[in-house]
Amino acid sequence: MVKRKNPLKIFGFWLSIIILVIFITYPFVWMVSVSFRHDTDAFEPGIIPKRPTLDTYAILLGFKKSLREELSNEQQQLLEIIKTLPKEQQEAVLAQIEAQRKKESFPFLRFFRNSLVLAGLSALVSLILSVFGAYAFSRIDFKGRGTIQRGVLIVYLFGGTILAVPLYQIFVKIGLTSSGLSSAFALFVIYIVQTIPVSLYMLGNYFRTIPRSIEEAAIIDGSTRMGVITKIIIPLSLPAIITVYIYAFMIAWNEFLFASIFVRPFPEFYTLPLGLNEIFNSEHAIWAKMMAASVVTAVPVVVMFMMMEKYLTGGLTAGGVKE
Amino acid sequence: MAVLSLREKDARFGWKLVLPTVILISLLILYPVFYNIYLSFFEVSISDTPNKFVGLQNYKEILFDSSFWKSFGITILFTLTTVIGSILVGLGVALLMNREFPGRNIVRALILLPYVTPLIAIVFAWKYIFLPIDGPLMQFLANFGMNPGNDFVNNPNNAFWVVSIFNIWRNFPFVYLMLLSRLQSIPSDYYEAAEIDGASDWQKFLYITLPELYFVIASVALLRGIWNFYKFDEVYLMSKFANTLPIYIYEKAFSGIPEQGIAAAIATILFIIMISLIGLYVKKVLKW
Chain A
1291 MVKRKNPLKI
1301 FGFWLSIIIL
1311 VIFITYPFVW
1321 MVSVSFRHDT
1331 DAFEPGIIPK
1341 RPTLDTYAIL
1351 LGFKKSLREE
1361 LSNEQQQLLE
1371 IIKTLPKEQQ
1381 EAVLAQIEAQ
1391 RKKESFPFLR
1401 FFRNSLVLAG
1411 LSALVSLILS
1421 VFGAYAFSRI
1431 DFKGRGTIQR
1441 GVLIVYLFGG
1451 TILAVPLYQI
1461 FVKIGLTSSG
1471 LSSAFALFVI
1481 YIVQTIPVSL
1491 YMLGNYFRTI
1501 PRSIEEAAII
1511 DGSTRMGVIT
1521 KIIIPLSLPA
1531 IITVYIYAFM
1541 IAWNEFLFAS
1551 IFVRPFPEFY
1561 TLPLGLNEIF
1571 NSEHAIWAKM
1581 MAASVVTAVP
1591 VVVMFMMMEK
1601 YLTGGLTAGG
1611 VKE
Chain B
21 MAVLSLREKD
31 ARFGWKLVLP
41 TVILISLLIL
51 YPVFYNIYLS
61 FFEVSISDTP
71 NKFVGLQNYK
81 EILFDSSFWK
91 SFGITILFTL
101 TTVIGSILVG
111 LGVALLMNRE
121 FPGRNIVRAL
131 ILLPYVTPLI
141 AIVFAWKYIF
151 LPIDGPLMQF
161 LANFGMNPGN
171 DFVNNPNNAF
181 WVVSIFNIWR
191 NFPFVYLMLL
201 SRLQSIPSDY
211 YEAAEIDGAS
221 DWQKFLYITL
231 PELYFVIASV
241 ALLRGIWNFY
251 KFDEVYLMSK
261 FANTLPIYIY
271 EKAFSGIPEQ
281 GIAAAIATIL
291 FIIMISLIGL
301 YVKKVLKW
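Note that the protein sequences, when read in sequence, are chains A and B. With the working numbering applied, the first sequence has no gaps in its numbers, which climb one by one up to 1613 at the end. With the working numbering applied, the second sequence has no gaps in its numbers, which climb one by one up to 308 at the end.
So here's chain A without its partners, still in its complex pose (with noise of 0.2 Å):
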């Protein structure tokens, strides 16, 4: 559109682009910048880091041992030292030690197996289900059809924050909220629930784009509707189903409120909201970690996402907009 070349409206053009890309990416340079450095040099001004190290990255990865653990033969002389008490005030002392270590520590990759874990089942499970009900709401006729599809839909409308409470007390009820497994197992259930909405709404409108033809002729030659679904939908639409996989990873990845809810008391199933959320309001000083564990934590996400966008068209664009 830009036909008349006013040079002032060029210039106004391009100073807009230049304020939207440094409005949009100045927190995520600082974030890049600042995993790249020493914990002690996390307020060091200017952009590039001076002293720039992967340090960071390879403790948080498990590689290298960080400074605490390196420093473990303290335990050797402090046995040492408390040699002469008697055993159970050795044994006092070292369950503080252990305890203080405890607290130290930055379980990053224990975070990320469990976020890994259960966005990825819920997900897979939450697919399924949705492919055959999308199927079902795409192509049979069936009482009830449409009351069901307005129905799934509504459930936008029904926010975490009014589900709190009565989920609380629902999976405390049952019985479900006394062990570590069994929370996890909650919010297992509770994100299934959580992106089948998105999931349904967005494959349907995919599978209405498949010709019926192709289907018609394939059950003229005796195959099944359960056959139609596994040999014809299913890969026909394909870049659709992974991308509607990784809309739901993406929602059990972010979660925090129900992580919070339910696995708060059990350390050893904090997913990465959770996990990293508590490490950050407990400890001081560990910007440069911190910032390295945000990098980490959303480059899978941000690399899915990016291979997917081609597809995010049409329909799937109006679909994928549950939060």
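Bear in mind the hints are in silico, worked out from the structure with no lab data behind them. Mixed in with the good hints, there may be bad ones.
To be verified - Straight-line distance between alpha carbons at most 30 Å, and here's what the computed BS3-like set of lysine-lysine pairs gives:
1. B/Lys80 / A/Lys1463
2. B/Lys90 / B/Lys260
3. A/Lys1433 / A/Lys1521
4. B/Lys303 / B/Lys224
5. A/Lys1299 / B/Lys224
6. A/Lys1433 / B/Lys29
7. B/Lys72 / A/Lys1463
8. B/Lys80 / B/Lys90
9. B/Lys303 / A/Lys1433
10. B/Lys80 / B/Lys260
11. B/Lys304 / B/Lys90
12. A/Lys1354 / A/Lys1340
13. A/Lys1521 / B/Lys36
14. A/Lys1433 / B/Lys307
To be verified - Calculated from the model, a selection of chain A residues having no Cβ within reach of chain B, i.e. all distances over 10 Å:
15. Arg1341
16. Glu1370
17. Leu1375
Quick caveat, the model's predicted, so the values are computed rather than measured. C-beta: ideal position from N, C-alpha, C; glycine also.
Based on these hints, arrange chain B on the given structure of chain A.
Showing chain B alone in chain A's frame:
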């Protein structure tokens, strides 16, 4: 038993396919919504003792609690600010990106970053740049005479603004995506005809672009309004001092001495307000 017709068989198969979904949603979303209303009439016990029926006591307590009204006002203000803000920014960016220019693909990919990056990761980046004294943004603002010692994030008086700006920054890409796809479907001959009639850029925007975008903007405003009204994680993780209602509910229900009956009552009030506002909006603005 009679042999089922093909049609009936199909219908049964359809039901079988959606049944697991229907059961899960009924158990974990519909039932809890009603159970929440039920709980709001009780003093909910967190130990083994049974809940005590208190009638409207919880509601009375809330309505006479000034901190409830304060959070209520903040929530409305937060919703309005963020919805209007994200639509303005999203619209501006969509108009910019509707043109061809070198490097457009890179900028388009960048625009999605705030929306797709996991919340917890960018929250720390934001907290870092806003840190008093040392934070880079605060140091930068000091050049313009602002006191770098201000703690915006942890000060109840202005945490609200940081949280609002953060929400706009994070969510404008969603608005932008929706608006851009609509913008690209406006036929270019509309603009050509207007140019022949001597319309200025502003007039073209006002009389062609805006009316064409009306329904997308209205729908996006509705969706963002609903989500931001309920928004918990973005606000809570950014600053616990922003005092919106979802945070108020969370604190009542899950911290200190839990008062889950009261939390349930607030959630119910929120829910009723939401449903009525949506009804009104759909009728008046979307004219369905």
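Hints, verified against the model:
1. Restraint check for B/Lys80 and A/Lys1463: the C-alpha separation of about 27 Å stays at or below 30 Å, so the hint holds.
2. Taking the CA atoms of B/Lys90 and B/Lys260, the gap is about 15 Å. The hint holds against a cut of 30 Å.
3. With a CA separation close to 26 Å, the supplied pair A/Lys1433 and A/Lys1521 stays within the 30 Å bound.
4. Restraint check for B/Lys303 and B/Lys224: the C-alpha separation of about 29 Å stays at or below 30 Å, so the hint holds.
5. Straight-line distance between C-alpha atoms of A/Lys1299 and B/Lys224 comes to about 16 Å, which keeps the hinted pair within the 30 Å bound.
6. Proximity of A/Lys1433 to B/Lys29 is assessed by CA-CA distance (about 12 Å); at most 30 Å being required, the pair is judged to hold.
7. For the hint linking B/Lys72 to A/Lys1463, the alpha-carbon distance of about 16 Å falls within 30 Å, and the restraint holds.
8. Distance check on the hinted pair: B/Lys80 and B/Lys90 sit about 16 Å apart at the alpha-carbon level, within 30 Å; holds.
9. A distance of roughly 28 Å separates the Cα atoms of B/Lys303 and A/Lys1433; the hinted pair therefore holds under the 30 Å criterion.
10. Of the pairs offered as hints, the one joining B/Lys80 and B/Lys260 holds, with about 26 Å between alpha carbons and a cut-off of 30 Å not exceeded.
11. With a C-alpha separation of about 28 Å, the suggested pairing of B/Lys304 with B/Lys90 holds against the 30 Å cut-off.
12. Restraint check for A/Lys1354 and A/Lys1340: satisfied, since their Cα atoms lie roughly 22 Å apart, inside the 30 Å limit.
13. With a C-alpha separation of about 19 Å, the suggested pairing of A/Lys1521 with B/Lys36 holds against the 30 Å cut-off.
14. Using a Cα cut-off of 30 Å, the hinted pair A/Lys1433 and B/Lys307 holds, with the two alpha carbons roughly 29 Å apart.
15. The claim that A/Arg1341 lies off the interface holds: its Cβ sits roughly 17 Å from the closest Cβ of chain B, which is beyond the 10 Å cut-off.
16. At roughly 41 Å from the closest C-beta of chain B, the C-beta of A/Glu1370 stays outside 10 Å, upholding its exclusion from the interface.
17. A/Leu1375, annotated as away from the interface, keeps every beta carbon of chain B farther than 10 Å; the closest lies near 40 Å.
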